[in-house]
Amino acid sequence: MRNLLNYILRNSAWFLAFLLIAFSIYLVFKHNSYQRSVYLSSANKITGEIYRVSDDVSSFFHLKSNNQQLLERTAELEKVVQLLKTQIETLSKDTSAIVSFTIDSIQPAQFEFISAKVVNISVSKFNNSLTINKGSLDGIKPDMGVISHSGVVGVVRTVSDHFSVIIPIINPKFRLGAKLINSDNFGSISWDGNNIEEAQLRELPKHENFNENDTVVTGFSRIFPEGIVIGYTKDIGVSMDDNFSTFNITLATNFHTLQHVLVIDDKYYHERTSLEASVN
Amino acid sequence: MKLDYLYEILLFAILILLQVLVFNQISVFGFATPFLYIYFLLKLPMGRNVFYVIIMGFLMGFIIDIFLNTPGINAAATTFVAALRRPLLRLFFTKEEFENFVPGINSASGPFIRFAVLSVTIHQTVIFGLEAVSLFNINILLLRLLASIVLTLVLLFALDSFRFKKFISE
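Chains A and B, in that order, are what the protein sequence lines are.
Taking this note's numbering, I'd label the letters of the first sequence as residues 1 to 280.
Taking this note's numbering, I'd label the letters of the second sequence as residues 281 to 450.
Keep in mind the hints are simulated off the structure, nothing from the lab.
Because the structure is a prediction, the values reported are computed rather than measured.
Quick reminder that beta carbons are idealized off the backbone N, C-alpha and C, glycines included.
Just to be clear, a hint being listed does not mean it is correct.
Heads up, incomplete: computed chain B residues facing chain A, CB under 10 Å, no partners named [what the hints assert, rightly or not]:
| id | residue |
| --- | --- |
| 1 | Met326 |
| 2 | Asn329 |
| 3 | Ile335 |
| 4 | Ser387 |
Now the in silico label distances, taken between C-beta atoms and shown as ranges [claimed, not checked]:
| id | chain 1 | residue 1 | chain 2 | residue 2 | range |
| --- | --- | --- | --- | --- | --- |
| 5 | B | Leu423 | A | His62 | 28 to 36 Å |
| 6 | B | Phe381 | A | Ile25 | 40 to 48 Å |
| 7 | B | Leu423 | A | Leu5 | 45 to 53 Å |
| 8 | A | His256 | B | Thr374 | 25 to 33 Å |
| 9 | B | Arg394 | A | Pro142 | 47 to 55 Å |
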């Protein structure tokens, strides 16, 4: 017994190191489960605050290009507004007299969008993530979809009061149902870890027609509305088996310069998930 | 002696902020990211208490992890290097140089470079190994590993020689 104690005392530094490494590795594998503690992520108060300050400084240098993008976006939306205005005018000419019908004709929107700013993003690792400056106090919940002005960004994973961590497309754990815009066959999007400008569209049937630069959009998904742009097909990739084909796609979102995102608040999300869960 | 500890804590904080706000945004060709915070462990006086080194190493990795959303990965790698520090030092430096001697590129370039290369290689290998558990693309992994090691070492030696010059001029 005494010898054992002596032995432990003599090598106690190694034991301490061993314990700490064991604890770290425990954290690594715990991290693989879907929900994690908010306190050990960049969504907590201190780390979030430091990232916010640093982002305030760096975003100043992007003001010009961001303004440009916003102007372009405004122009696009303006066009749509004009179009809709003329449509409403033509429609209301006949029906405006019948008040009883018009009360119910405007349904509450299914989707609402919460705008947020990216305060931290990592693009150089395998398990990439990004942090935004809105949290549960702004109505953000885990599993909400996130898009940018050009396309899909990712899914909300962890939420604290003022910050949220998002799993982007460029994370090997990310999966999303998708299809080519002119087709009805569904596949799934995943990322192989090589290039943050590309992802893979897998599990499409072999007979699927393929043109370069076809638009890839979201398909059946609980998280995203249908038809949001994910990227554009680039070439045929390596397939895991013979029954399905795989395409390399260029992502619509540029993660190098990503600054502003929209979080999708689906009003029917809980109704739908609980209904689908009740069937199983 | 007390000033030494103060200086170390300052270096600790500065390296964490630099790593999180600057170095982690660097991604040369999408492959190489420098992990310079390990510099803290290399620059401790050689005779420093082993427990102190291990605990500081763990804390440093742990804080970096919290910032980067990778719980455990950096902590494990840094603790590992901290534990191996004493044997590695014995390997490259003679016994007389121990105690308060701080290894540096200008004071002991040969041994320090060998010591730094081995430490950084071990550190990066553990980080990439743990990070890639779920991904099996060995070529890309090795390319990333090698590129990151080289970039880290280049920046580390540059940082070290820069600090020394400033020290003299004061």
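Outcome of the hint check:
no. : hint                             : verdict
1   : Met326                           : violated (15 Å)
2   : Asn329                           : holds (9 Å)
3   : Ile335                           : holds (8 Å)
4   : Ser387                           : violated (26 Å)
5   : B:Leu423 to A:His62: 28 to 36 Å  : holds (30 Å)
6   : B:Phe381 to A:Ile25: 40 to 48 Å  : violated (33 Å)
7   : B:Leu423 to A:Leu5: 45 to 53 Å   : holds (48 Å)
8   : A:His256 to B:Thr374: 25 to 33 Å : violated (48 Å)
9   : B:Arg394 to A:Pro142: 47 to 55 Å : holds (48 Å)
The structure fails hints 1, 4, 6, 8 (numbered hints given earlier, in ascending order).
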